[in-house]
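S.K.: Line order of the protein sequences matches chains P and R. At position 218 of the first sequence the residue is numbered 224 (the numbering used here), and the sequence of numbers has no breaks. At position 35 of the second sequence the residue is numbered 387 (the numbering used here), and the sequence of numbers has no breaks.
Heads up, some of the hints might be wrong.
[To be verified] Calculated lysine-lysine pairs in the DSBU-like style (CA-CA distance at most 30 Å, straight line): (1) Lys695(R) / Lys352(P); (2) Lys352(P) / Lys462(R); (3) Lys695(R) / Lys256(P).
Keep in mind that the hints were calculated from the coordinates and are not lab data.
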Amino acid sequence: MVDLDALDAAGIANARERAELIKYLDGLGFTAEDMLEAELRGRLFGLAGDVLLWSGRPTYSLNAAARAVGVPVNDLSHAWAVLGLTIADADVPALSQADIDGLATWATLRTVAGEEAALSFLRVLGATMARLAEASGTMIRLAQPDILMTHTRDELATARAYRAVAELVPGISTLIDSVWRHQITSARTYFEHVIQDSSASVTCGVGFADLSGFTTLTQLLTPTELSDLLIEFSGTVSDVVHADGGRVVKFIGDEVMWVGSTPAQLVQVAVDLVENPRAREAGLQVRAGLGYGSVLAIGGDYFGNTVNLAARLVTAAGPGQILASTDVRDELPDWPAIPLNPLILKGFDAPVPAYDLHLSR
Amino acid sequence: MVDLDALEAAGLANARERIALIDYLDGLGFTAEEMVEAERRGRLFGLAGDAVRRSGRPTYSLRTAAEALGLSLEDVAHFWAMLGLTVPSPDDVVLSQADVDALATCAAMKARMGDDGGLLRLIGAAMARLAEAEVTLLRTSRPDFWITRSQDELTTAQAWRDVAELIPGIGAMLDIVHRHQTTRPRLFESVTVNPSESVTCGVGFADLSGFTALTHVLSPAELSTLLNGFSAAVSDVVQADDSRLVKFIGDAVMWVSSTQECLAQTAADLVADPRTHESGLRIRAGLGYGPVVAIGGDYFGDAVNLAARLVAAASPGQILATSDVRDALPEWCAIRQEPLTLKGFDEPVTAYDMRRSDR
Chain P
7 MVDLDALDAA GIANARERAE LIKYLDGLGF TAEDMLEAEL RGRLFGLAGD VLLWSGRPTY
67 SLNAAARAVG VPVNDLSHAW AVLGLTIADA DVPALSQADI DGLATWATLR TVAGEEAALS
127 FLRVLGATMA RLAEASGTMI RLAQPDILMT HTRDELATAR AYRAVAELVP GISTLIDSVW
187 RHQITSARTY FEHVIQDSSA SVTCGVGFAD LSGFTTLTQL LTPTELSDLL IEFSGTVSDV
247 VHADGGRVVK FIGDEVMWVG STPAQLVQVA VDLVENPRAR EAGLQVRAGL GYGSVLAIGG
307 DYFGNTVNLA ARLVTAAGPG QILASTDVRD ELPDWPAIPL NPLILKGFDA PVPAYDLHLS
367 R
Chain R
353 MVDLDALEAA GLANARERIA LIDYLDGLGF TAEEMVEAER RGRLFGLAGD AVRRSGRPTY
413 SLRTAAEALG LSLEDVAHFW AMLGLTVPSP DDVVLSQADV DALATCAAMK ARMGDDGGLL
473 RLIGAAMARL AEAEVTLLRT SRPDFWITRS QDELTTAQAW RDVAELIPGI GAMLDIVHRH
533 QTTRPRLFES VTVNPSESVT CGVGFADLSG FTALTHVLSP AELSTLLNGF SAAVSDVVQA
593 DDSRLVKFIG DAVMWVSSTQ ECLAQTAADL VADPRTHESG LRIRAGLGYG PVVAIGGDYF
653 GDAVNLAARL VAAASPGQIL ATSDVRDALP EWCAIRQEPL TLKGFDEPVT AYDMRRSDR
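Using the sequences provided together with the hints, build the complete structure.
M.R.: In structure tokens:
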């Protein structure tokens, strides 16, 4: 039985009025200390869900963690910040055993790959997971609005809804780990086809595609229509790129960037995107820009002349057009191509020859 | 003791010449069947590392996984494809128990959240990107990792095993970072008050002016150093100012901030950051504020389009902002610009050159 008066006296405001919530938490096995601590953070309603999201009970302070991992506390604190995470006080327990194990992997990585390379990787990791966390947060809010106090105005209802969603998290952890391990194989296989040496340079095809007239669309559509359109577009594009053996590098608004190990594969993806029946049904026109050559692969992204050129070509393309650089064209002598008048492109001093690989078909 | 003749008879070519590799694998406890199976896939040298990399012994095919989960084969194959993974033939035994548990989560997310794959695609894309970053890191620090480079099966087998041992640890790191990112004090708690995709926030773009021209003349190593330095400096500044980094687009960065103050602060700190001056390039920025649609960790809408167009119109070292930003910052020094004609906007847009006022 919970002693509501004692809780009230200890600092849980209006404990009597919140008896239902407190009973629910008590039933899940939370102690009075757990509840007080959550109330201090202003998240008594979140306690039931928060514990499922945590990586474990916080038992290490930053100072203790540095000792356990065997690195200077400033290095550890910097690594944590690079991951996009913050710890205000180095003496307050904030990290779990699982966190310490994760940081130990960083310490190993640092000895294998070097200080700067390991930090760059943490930066990509932090940004990627932040984006994932934010995206899943948005989706969950939409599917389960009851997790918002501002929506239910009822602590118990929100506590229950939040707990129900949080129950998915251990499963999502398993999912992330499984996908991560398979993607390593996929990335390894891809790089086996494109590397020249042990430098960061690889030779591959780079493609960009976008929806003609998208900026105008963002001004015409409602948020929900825009959201539906982009989810549909990114889903279709991912399926097409993967089906043709390419790799999606990223979505930039309505634009997709992908890489392919051969010019033929690169062009195939572009044709399948431009001719995609689902985009056509929606009345949308896709256009593409393609380059092939040596690029710099850093942190899961690609840089260099070939990338810049492909990105400029897509903006120069008309609706339904696929513009390719000379490098792509030369690799595919049998593909029908219409040479265009050399294009003046931003960042390129001389006019750039380009070929239309689509309208020619 | 390994029976080389039996291995050779079972299909392992030139077993005698590859005795060092076979002894190494035998010493790690791999059976003759496992070696023959790896050889069939042309990856005998990869076996030692592959075994640490995978999430468990493969015991399910897509078909048996679907049966175990009570789902149709099409559903399971569709989940796998949405995660960005190559769908195997229905009867290939390639999935571990952990993979089947992962598929169960896909089904649960669909049932509980009505997710039609948006989140699965995001997870797939995020992991693909990280896997590339990881493989790049490993291949540049341990080049022997590649058979094409070492030309020696045993050397590559050992190098791949060494680096593969990091993969489960990094997987564990992904989990803790995901959990902390999910629970950290919400940057946008103040702006996301409704269960809708629409939020009101500040959007900033910054880039290195003159970067494209520079990529023509720099060596890959110089370019790599420049970009790593830029992304490190930008990530640190954006985080220190409590803004959120949305993405890098070549030499450009996009971030969001919950207030105009925070948005302009981040831009000013980026332009002033000494690390970004080392290359001799100057940063410029474009800022917008208003209702935007948040989808999949990205942002869309007028404020985004405007900010992106403004950065392209800015000169080196300049911060151009819309009146929505400027009006909330009376303390800042703002110089009204000639109305700009921007692509995608019918009306000329009034922009302000923003500077922190020196007091």
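S.K.: For every hint, state whether the structure bears it out.
M.R.: Quick rundown of the hints versus the structure:
Between Lys695(R) and Lys352(P) the CA atoms are separated by roughly 15 Å; this keeps the pair inside 30 Å, and the hint holds. With a CA separation close to 45 Å, the supplied pair Lys352(P) and Lys462(R) exceeds the 30 Å bound. Distance hint between Lys695(R) and Lys256(P) is fulfilled; the C-alpha atoms sit about 23 Å from each other, no more than 30 Å.
When held up to the earlier numbered hints, the structure conflicts with hint 2 and nothing else.
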